[in-house]
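**Student:** The chain contents come next:
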Amino acid sequence: MTEISLAPGSRSTRPRSQWLDVWDQFRTHRGALAGTGFFVFVLFGVTIGPFVWTIDPQYIDILARDSGMSLAHPLGTDQLGRDTLARLIVGGQTSVAVGLTAMLLSLFLGTLVGVTAGYVRWLDGPLMRLTDLFLALPLLPLLLVIIMLFRETLRASFGPEAGIFVLIVVVISITSWMQTARIVRGDVLSLKEREYVLAAVSIGTPGRRIVVRHILPNVLSPIMVSATLGIANAIITESALSFLGLGFPSDFPTWGRLLYDAIDYLQQYPGRVVWPGLAISLTVLAVNYIGDGLRDALDPRIRGR
Amino acid sequence: MFDYTIRRTLLAIPTLLFISLILFLLLDLAPGDPTANLPLTIPPEVKEKIRLSLGLGEPLAIRYLLWLQQFFINEPLHYLTEITGWDLSGDRQRVLSWQSRSPVADVIAQRIPQTLWVVGMSYVVGVLIALPIGIISAYRQYSWFDQVGTFVSMIGFSVPTFFTGVLLIVVFSVELGWFPSIYDTTHVVEDWSSFVFQVKQMIMPTMVLALYNAAQISRFMRASMLDNLNQDFVRTARAKGLRESTVILVHVLRNSMIPVVTVIALGVPTVFGGAIITEQVFKVNGLGQLLITAIQANDIPMVQSLTFVFAILIVAFNLIADILYGVLDPRIRYD
Chain A
1 MTEISLAPGS RSTRPRSQWL DVWDQFRTHR GALAGTGFFV FVLFGVTIGP
51 FVWTIDPQYI DILARDSGMS LAHPLGTDQL GRDTLARLIV GGQTSVAVGL
101 TAMLLSLFLG TLVGVTAGYV RWLDGPLMRL TDLFLALPLL PLLLVIIMLF
151 RETLRASFGP EAGIFVLIVV VISITSWMQT ARIVRGDVLS LKEREYVLAA
201 VSIGTPGRRI VVRHILPNVL SPIMVSATLG IANAIITESA LSFLGLGFPS
251 DFPTWGRLLY DAIDYLQQYP GRVVWPGLAI SLTVLAVNYI GDGLRDALDP
301 RIRGR
Chain B
1 MFDYTIRRTL LAIPTLLFIS LILFLLLDLA PGDPTANLPL TIPPEVKEKI
51 RLSLGLGEPL AIRYLLWLQQ FFINEPLHYL TEITGWDLSG DRQRVLSWQS
101 RSPVADVIAQ RIPQTLWVVG MSYVVGVLIA LPIGIISAYR QYSWFDQVGT
151 FVSMIGFSVP TFFTGVLLIV VFSVELGWFP SIYDTTHVVE DWSSFVFQVK
201 QMIMPTMVLA LYNAAQISRF MRASMLDNLN QDFVRTARAK GLRESTVILV
251 HVLRNSMIPV VTVIALGVPT VFGGAIITEQ VFKVNGLGQL LITAIQANDI
301 PMVQSLTFVF AILIVAFNLI ADILYGVLDP RIRYD
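For the record, the sequence lines run as chains A and B. With the first letter of the first sequence counted as 1, position 29 gets the number 29 in this note's numbering; the numbers rise by one all the way through. With the first letter of the second sequence counted as 1, position 30 gets the number 30 in this note's numbering; the numbers rise by one all the way through.
Just so you know, the hints here were simulated from the structure itself, not pulled from any lab data. Incorrect hints may appear among the rest.
Stated by the list, open to error - Between beta-carbon pairs, the in silico distance windows are:
hint	chain 1	residue 1	chain 2	residue 2	range
1	B	R51	A	L43	44 to 54 Å
2	A	G186	B	I13	36 to 46 Å
3	A	L43	B	Y64	45 to 55 Å
4	A	N218	B	P132	31 to 41 Å
5	A	V274	B	A297	32 to 42 Å
6	A	F158	B	L17	31 to 41 Å
7	B	F151	A	P50	27 to 37 Å
8	B	M121	A	L135	22 to 32 Å
9	B	Q147	A	R27	15 to 25 Å
10	A	R27	B	F151	49 to 59 Å
11	B	F197	A	G125	25 to 35 Å
Note that CB positions come from ideal geometry on N, CA and C, so glycine has one too.
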């Protein structure tokens, strides 16, 4: 006992908050720290990158086509002489943007369904049947079908790039909210029987405010973990779609599209597939490690051990 | 338990009907037109006749019911006719592909062996790799084996199959020239050398999918073993003086397999879906490739039937997983 009270030393003097504890636990997970570092690097790379590496990704320098690594083109050029690094940066913008927006939308849907099902008793059955139904849908085939069928219409109404972006984000998020909904519903079901919720009800708090003030903050940790998994899932799905030729148009690079275009030159320039592939894989790996670390850090049974 | 099994099986029927309705509506309400790819020289009135001959003139509800009848009554009857030789199907209309005008079920039946060989084999290999890795990682938690194992499984879990596949092609076909990069489905195994070729061309697609599956299953195996290793019954078994191998492989493993078996069962249909990408990488003409070409050709009956077959697989394996859970774990009985 004495050891435990003495060991933290300086820690016990400053006031502890929950998030400080979480951060302390998160810091001990080396993979999660490295993952966070890499993900922040990717975020900075795709936002500030174009200002640092100012070559236009669309600029065609046909004399320098198919060149390998050099000072002028650190990652080489493609069959039209466009700079690979510049295209990777621009492609990363789209891939990361798709990942983040699709994650936010699917979290919103999942949380909405989960909280409603957990809190409103008569909606629980129907909503959970709906979730089971979505889980039984063959997702990748369905994604392909939806994109193929609705591509032209959306392209006509939103323009080629924005239309595809909206379509892919919406389609990814309506096929990935189910896990979040299930986890959140389970947590809400147990939380709403707690005494503090009962206290809130007894002083006449309206249901909407109970959900926002008392229940949502307490289901934040499973939501955060599924957020990281959601980013990884969205990035992989988007690149898989681009890889199957059903994603963004080819003059609008994403990491998956770059990989798909490089496959044609696999025999002559095998190195070209590696860069976009590495970008996808490392980003997903980083995000998955962040998720692992967060899960440990947010679990009060593991924290502080 | 029997009651539960019957109840769940009956419940699967409305689920499947509902899924089929969703698929039907989705494909029907979509703004695509099956005659859009025909040459522009065909006059509009002929185009209209083609549309009518495809059955697009009927109202929505009738077409849905007709499709249900074709899929659930005519196709099984036709299949029975082929097996038994009795004329059960008569001249009942089968589901026809708009691309080839041949019955969809026959085309699917032609493609299933390729998919089953590659995907089925990779799933078996994946499970066989995953189980020992999961067991050893859990038993020697935080050892170097565990560190390497969890790192590799994290990589296998994160790196998409289209990148691992392409990477393997770069290394083993382009650089080393050991394996062919394209899977030749017309290849017939008749002697030793053709068998060796078959093994060679199967190694890469199988390993890509096996790595991905093994990564997921070994994570479950490790977590499940860790849950059980500190239980009281393990201490009791050791205190009784049982050998360590008996304690781990009988007492701990059998209890840890319960969730893992259901995870394995649940993973089977997703493997069929995920194989679409691997089949595309290695040019295997299996179910996934069939789906992609059908989608690109606006062949709605084919797309509908294929996605519905995938849905049946998912519902069926969900059912199997649920029932297995009850059979394996006597604490969980749903009566």
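**Student:** Taking the hints in turn, state whether each one holds.
**Tutor:** Do the hints match the structure? See the list:
1. B/R51 - A/L43: 44 to 54 Å: 50 Å, holds
2. A/G186 - B/I13: 36 to 46 Å: 27 Å, violated
3. A/L43 - B/Y64: 45 to 55 Å: 47 Å, holds
4. A/N218 - B/P132: 31 to 41 Å: Distance hint for A/N218, B/P132 holds at roughly 40 Å.
5. A/V274 - B/A297: 32 to 42 Å: 33 Å, holds
6. A/F158 - B/L17: 31 to 41 Å: 35 Å, holds
7. B/F151 - A/P50: 27 to 37 Å: 33 Å, holds
8. B/M121 - A/L135: 22 to 32 Å: Cβ of B/M121 to Cβ of A/L135: about 27 Å, so the range 22 to 32 Å holds.
9. B/Q147 - A/R27: 15 to 25 Å: Check passed, 19 Å falls within 15 to 25 Å.
10. A/R27 - B/F151: 49 to 59 Å: 19 Å, violated
11. B/F197 - A/G125: 25 to 35 Å: 56 Å, violated
Consistency note: the structure conflicts with the earlier hints numbered 2, 10, 11.
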